[in-house]
Amino acid sequence: MNSVLKRWAEIRRYPSAIAGMMIILALVALSVYTVFAIPYRQAIQLWRGGENLWIENPRNAAPAWFNLFPGINLPTTMVIESQGSPERKAALDLDGLKEVRIELPVSFTFDGFPKEISLFLSARYQTADPYITATWITPDGREIVLADQSIKREASIRLSQDTRLERRLRGLSAEIGLFADPNRQGEPVPLKGEYRLVVDALLFAPGDDLDAKLVVYGQLHGLAGTDHRRRDLTIPLLWGAPIALAFGFLAAIGSTLSTMIIAAAGVWWGRWVDALIQRITEVNLILPVLPILIMVGTMYSRSIWVILNVVILLGIFSGGIKTYRAIFLQVKESPYIEAARAYGASSLRIIFRYMIPRVAPILVPQFVALIPSYVFLEATLAVLGLGDPILPTWGKVLDDAYTNGAIYRGYFYWVLLPSALLITTGLGFSMVGFALDRIFNPRLRGL
Amino acid sequence: MDTDALLQVKDLYTWFELRRWGFARVGYVRAVDGVSFELYPGETVAVVGESGSGKSTLAKTILGLYRPTRGEIYFAGKPVHQMKAAGLKEYRAKVGYVQQDPFGALPPFMNVRRILEEPLIVHGVRDRVEREQRIHRALEDVKLVPVEDYLSKFPHQLSGGQQQRLVIARAILLEPRMIVADEPVSMLDVSVRVEILELLRKIQQEYNLGIIYITHDLSTVRHFSHRILVMYGGKVVERARARDLVRNPQHPYTQALLAALSDPRAENAHTLKPVPPGEPPSLLNPPPGCRFHPRCPVRIEGLCEREAPPEVETPQGAGHKALCWLYHERGEKKEEVAM
Numbered sequence: 001m002n003s004v005l006k007r008w009a010e011i012r013r014y015p016s017a018i019a020g021m022m023i024i025l026a027l028v029a030l031s032v033y034t035v036f037a038i039p040y041r042q043a044i045q046l047w048r049g050g051e052n053l054w055i056e057n058p059r060n061a062a063p064a065w066f067n068l069f070p071g072i073n074l075p076t077t078m079v080i081e082s083q084g085s086p087e088r089k090a091a092l093d094l095d096g097l098k099e100v101r102i103e104l105p106v107s108f109t110f111d112g113f114p115k116e117i118s119l120f121l122s123a124r125y126q127t128a129d130p131y132i133t134a135t136w137i138t139p140d141g142r143e144i145v146l147a148d149q150s151i152k153r154e155a156s157i158r159l160s161q162d163t164r165l166e167r168r169l170r171g172l173s174a175e176i177g178l179f180a181d182p183n184r185q186g187e188p189v190p191l192k193g194e195y196r197l198v199v200d201a202l203l204f205a206p207g208d209d210l211d212a213k214l215v216v217y218g219q220l221h222g223l224a225g226t227d228h229r230r231r232d233l234t235i236p237l238l239w240g241a242p243i244a245l246a247f248g249f250l251a252a253i254g255s256t257l258s259t260m261i262i263a264a265a266g267v268w269w270g271r272w273v274d275a276l277i278q279r280i281t282e283v284n285l286i287l288p289v290l291p292i293l294i295m296v297g298t299m300y301s302r303s304i305w306v307i308l309n310v311v312i313l314l315g316i317f318s319g320g321i322k323t324y325r326a327i328f329l330q331v332k333e334s335p336y337i338e339a340a341r342a343y344g345a346s347s348l349r350i351i352f353r354y355m356i357p358r359v360a361p362i363l364v365p366q367f368v369a370l371i372p373s374y375v376f377l378e379a380t381l382a383v384l385g386l387g388d389p390i391l392p393t394w395g396k397v398l399d400d401a402y403t404n405g406a407i408y409r410g411y412f413y414w415v416l417l418p419s420a421l422l423i424t425t426g427l428g429f430s431m432v433g434f435a436l437d438r439i440f441n442p443r444l445r446g447l
Numbered sequence: 001m002d003t004d005a006l007l008q009v010k011d012l013y014t015w016f017e018l019r020r021w022g023f024a025r026v027g028y029v030r031a032v033d034g035v036s037f038e039l040y041p042g043e044t045v046a047v048v049g050e051s052g053s054g055k056s057t058l059a060k061t062i063l064g065l066y067r068p069t070r071g072e073i074y075f076a077g078k079p080v081h082q083m084k085a086a087g088l089k090e091y092r093a094k095v096g097y098v099q100q101d102p103f104g105a106l107p108p109f110m111n112v113r114r115i116l117e118e119p120l121i122v123h124g125v126r127d128r129v130e131r132e133q134r135i136h137r138a139l140e141d142v143k144l145v146p147v148e149d150y151l152s153k154f155p156h157q158l159s160g161g162q163q164q165r166l167v168i169a170r171a172i173l174l175e176p177r178m179i180v181a182d183e184p185v186s187m188l189d190v191s192v193r194v195e196i197l198e199l200l201r202k203i204q205q206e207y208n209l210g211i212i213y214i215t216h217d218l219s220t221v222r223h224f225s226h227r228i229l230v231m232y233g234g235k236v237v238e239r240a241r242a243r244d245l246v247r248n249p250q251h252p253y254t255q256a257l258l259a260a261l262s263d264p265r266a267e268n269a270h271t272l273k274p275v276p277p278g279e280p281p282s283l284l285n286p287p288p289g290c291r292f293h294p295r296c297p298v299r300i301e302g303l304c305e306r307e308a309p310p311e312v313e314t315p316q317g318a319g320h321k322a323l324c325w326l327y328h329e330r331g332e333k334k335e336e337v338a339m
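Chains as they are written, first to last, in the numbering used here: chain A, 1 to 447; chain B, 1 to 339.
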């Protein structure tokens, strides 16, 4: 306890270590929050669920906080629906028939046009299909008929894809034409003000009913924007943290611990045990890790846990064995080891209770600095298309961004946000690791 | 076989094989080359010799840290050299080990309580309360009191003398019958050496321990041992009761060693002492005949460099023996011839 406090006092002298620890703590807090706020199953479902889950999200929208920058005032997504707002719906009974009028107000005050516009209708009826007319009323009083048709129980009217409507809007697709100021020439400019969408429905039974939902997809969405499949990027960015930390931590602990135990055992038993371990290490050192991982990924499984195990296995007989061996050879000759043998301690006890604890403090900084390299490895594999097919990770986001040409199409947030998280993680662990190295290493001389 | 003896070492050889390229045998380092002696309960036997004389190897062979190449070791009548793991473990509980460097002998990452708990755990003392009691008793025995002040300290927080007391506490913790002390005070401050040796003697008297006291320091030996073995080149060259050996050294090597002792008289500060020239013998290729003959001032030409001397009773009697032709009838005859 005492020594831990002393170490802490030493660490506090390094501002970089404090900053790094704050980053690590923030990442851990983020991970804990994520795991509880978005349980694993839910996250997988959201990540893999397909477009219907994300129907109200725009494609490739930038994060909503872009609007905080001066001079930027782009639309965010607006969802206006009649369900839950009775004041937007008026019903009129005409013996046997029923007329429903839904008015959806759209307050548009942005400098840019939306990305898309869609109308979703859901009807509850007994026999005949309802008949609807949708009219768009602009702030300056123009009325544009958007739809005039009978509908089934669920209808999605994708206005942006309606080519006839586009023609009526002088060749502008709906999300632009509906909001453009008709008095401006050249490049369309949005007209700000109160728009209304009026849906008049004719229902053929008194019990029938209809609800409407207008989605005006913004150019900005959520904390992290969305990807090409309308998925909210906060999910993979949040879930990337616990996965990256878990992968990095487990891989680092698995490979360093096993490496150290094997190095200690080799030194302790010496002779052919040591020789065998050294030869295996030398062979393993020239095996290329990445191609092996790619091979496993392509031919066996891309599950992150399989990859984790392969990484640990390849990490066991790593160069660390040589480093630890050099230290253990010194430790083995310590008089206290001889004393332990003289009072009858067994070989295993000597390895685990006398040799490894002596070297463990030296391992701590290396271990901390090793974590981000495994986090990067996971991201690298994902970018190479060998990421876990199920899990939402930072590398996966980068992979999607890359395959969808994010940089060329100007979706730089798609690349920058996961990269920033990866870099921050690496930076945090490295700063702590380097500081720890400076604190622990003078003791190496005292071995 | 001497049934009273606590430890009986018979004709013990500990050789280390030297290999080239991992398999080609080059030769042997003859660290211990035919040593025999007995140790009785309550007795201290000092093993004296310069560096490389094989005294530490002898200690470690007795402790079971090295396997003897040949020869026999009996502890309380049981053959140590034939013991398997279980027997050896039991034997190790009965033998304490005090090393030269007290700081090195203590694991730096364990506190006092943990250091003393280790041997007890190794030897299956499961009961926490019993362990605590035995630790307290051992620390009181070595005068590390009040015990509570020391239990949570780490070795680097103790002084050299306290560290060596702790090492002794660890050595007596398992209630041994014998202690092997390998240069227990040579790394300590001069001011605490006597204190530690007195402590060892007190503990010896209290528990009737046999002590093997290994040292290169002849000045303390007379006061803290009953018998002395002088080792040179892996062999015991002279053995006698402590007082006899210091007063009347018989072997030329012992005589040289004693002559090299510092003398407190002021006029001696400027006189050079007659020290035998040359270096300690190579244990890999020991000189033929008597190992001391290249440095011996009184060697008998034609005999000492050809034949190894047997151990003979010196004229002093009372078990005072030397490994030297001078006291053998053949040596005497040669001397007559030479004159």
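Just so you know, these hints were derived from the structure itself, not from any lab.
The structure presented is a predicted model; accordingly, all values stated were derived computationally and were not measured.
Ideal Cβ placement from N, Cα and C applies to all residues, glycine included.
Keep in mind that a hint or two might mislead.
Below, a list of computed lysine to aspartate or glutamate pairs in the DMTMM-like style, where the Cα atoms sit at most 25 angstroms apart [stated by the list, open to error]:
id, chain 1, residue 1, chain 2, residue 2
1, A, K332, B, D149
2, B, K94, A, E99
3, B, K94, B, E72
4, A, K213, A, E99
5, A, K332, B, D101
6, B, K84, A, D162
7, A, K332, B, E17
8, B, K78, A, E338
9, A, K332, B, E72
10, B, K153, A, E338
11, B, K94, B, E17
12, A, K6, B, E90
13, B, K153, A, E10
14, A, K6, B, D11
15, B, K84, A, E338
16, A, K192, A, D162
17, B, K89, A, E10
18, B, K89, B, E72
19, B, K94, A, E338
For each label pair, taking beta carbons as the anchor points, the in silico distance ranges come out as [unchecked claim]:
id, chain 1, residue 1, chain 2, residue 2, range
20, B, H216, A, L290, 55 to 65 angstroms
21, A, L329, B, G160, 25 to 35 angstroms
22, A, Q330, B, E132, 44 to 54 angstroms
Residues from chain A that face chain B, not an exhaustive set, calculated with beta carbons under 10 angstroms [unchecked claim]:
id, residue
23, Y131
24, P188
25, V189
26, G193
27, A326
28, S334
29, P335
30, Y343
31, S346
32, R349
33, P357
34, R358
Hint check results:
1. A threshold of 25 angstroms between alpha carbons decides the hint, and for K332 (chain A) with D149 (chain B) the separation of about 31 angstroms lies outside it, so the pair is violated.
2. The suggested pairing of K94 (chain B) with E99 (chain A) is violated, with an alpha-carbon distance near 104 angstroms, which exceeds 25 angstroms.
3. This hinted pair checks out: K94 (chain B) and E72 (chain B) have alpha carbons roughly 18 angstroms apart, not beyond 25 angstroms.
4. For the suggested pair K213 (chain A) and E99 (chain A), the alpha carbons sit about 18 angstroms apart, so the restraint of at most 25 angstroms is met.
5. Distance hint between K332 (chain A) and D101 (chain B) is fulfilled; the C-alpha atoms sit about 15 angstroms from each other, no more than 25 angstroms.
6. Straight-line distance between C-alpha atoms of K84 (chain B) and D162 (chain A) comes to about 92 angstroms, which puts the hinted pair past the 25 angstroms bound.
7. Taken as a hint, the K332 (chain A) and E17 (chain B) pair is honoured in the structure, with Cα atoms around 20 angstroms apart against an allowance of 25 angstroms.
8. A C-alpha spacing of about 23 angstroms is found between K78 (chain B) and E338 (chain A), which places the hinted pair at or below 25 angstroms, so the restraint holds.
9. Between the alpha carbons of K332 (chain A) and E72 (chain B) the distance comes to roughly 28 angstroms, so the proposed pair goes past 25 angstroms and is violated.
10. In summary, the hint linking K153 (chain B) to E338 (chain A) is supported, as the alpha carbons are separated by about 22 angstroms, within the 25 angstroms threshold.
11. With a C-alpha separation of about 30 angstroms, the suggested pair K94 (chain B) and E17 (chain B) falls outside the 25 angstroms cut-off, and the hint is violated.
12. The suggested pairing of K6 (chain A) with E90 (chain B) is violated, with an alpha-carbon distance near 40 angstroms, which exceeds 25 angstroms.
13. Restraint check for K153 (chain B) and E10 (chain A): satisfied, since their Cα atoms lie roughly 20 angstroms apart, inside the 25 angstroms limit.
14. Simply put, K6 (chain A) and D11 (chain B) have alpha-carbon atoms about 54 angstroms apart, too far for the 25 angstroms limit, and the pair is violated.
15. This hinted pair checks out: K84 (chain B) and E338 (chain A) have alpha carbons roughly 19 angstroms apart, not beyond 25 angstroms.
16. Restraint check: the Cα-Cα separation between K192 (chain A) and D162 (chain A) comes to about 23 angstroms, which is no more than 25 angstroms; the hinted pair holds.
17. As the CA atoms of K89 (chain B) and E10 (chain A) are separated by approximately 43 angstroms, the hinted pair breaks the 25 angstroms bound.
18. Pair hint K89 (chain B) plus E72 (chain B) holds up; C-alpha atoms about 18 angstroms apart against a cutoff of 25 angstroms.
19. Straight-line distance between C-alpha atoms of K94 (chain B) and E338 (chain A) comes to about 16 angstroms, which keeps the hinted pair within the 25 angstroms bound.
20. At roughly 59 angstroms, the beta carbons of H216 (chain B) and L290 (chain A) sit within the given window of 55 to 65 angstroms.
21. Restraint check, L329 (chain A) to G160 (chain B): a C-beta distance of roughly 27 angstroms satisfies the suggested window 25 to 35 angstroms.
22. Between Q330 (chain A) and E132 (chain B) the C-beta distance comes to about 34 angstroms, which lies outside the given range of 44 to 54 angstroms.
23. Hint status for Y131 (chain A) relative to chain B: violated, with the closest Cβ pair at about 84 angstroms, above 10 angstroms.
24. Using the Cβ-Cβ criterion of 10 angstroms, the hint placing P188 (chain A) at the interface with chain B is not satisfied: the shortest such distance is roughly 74 angstroms.
25. For V189 (chain A), the interface hint is violated, the least distance from its beta-carbon to any beta-carbon of chain B being 73 angstroms, above 10 angstroms.
26. Interface hint at G193 (chain A): violated, since its Cβ lies 75 angstroms from the closest Cβ of chain B, which is beyond the 10 angstroms cut-off.
27. Checking A326 (chain A) against chain B: minimum C-beta separation of about 19 angstroms lies over 10 angstroms; hint violated.
28. The beta carbon of S334 (chain A) is positioned within 10 angstroms of a beta carbon in chain B (closest approach about 6 angstroms), and the interface hint is therefore held.
29. For P335 (chain A), the interface hint holds, since its Cβ comes within 10 angstroms of a Cβ in chain B; the closest pair sits about 4 angstroms apart.
30. With a cut of 10 angstroms, the hint placing Y343 (chain A) at the interface with chain B holds, because the nearest CB-to-CB distance is about 4 angstroms.
31. For the restraint placing S346 (chain A) at the interface with chain B, the shortest Cβ-Cβ distance is roughly 8 angstroms, inside the 10 angstroms limit, so the hint holds.
32. The restraint placing R349 (chain A) at the interface with chain B holds, with a minimum CB-CB distance near 7 angstroms, inside the 10 angstroms limit.
33. Because the smallest distance between the Cβ of P357 (chain A) and any Cβ of chain B comes to about 5 angstroms, under 10 angstroms, the interface hint for this residue holds.
34. With its C-beta approaching chain B no nearer than about 6 angstroms, R358 (chain A) sits inside the 10 angstroms limit, and its interface hint holds.
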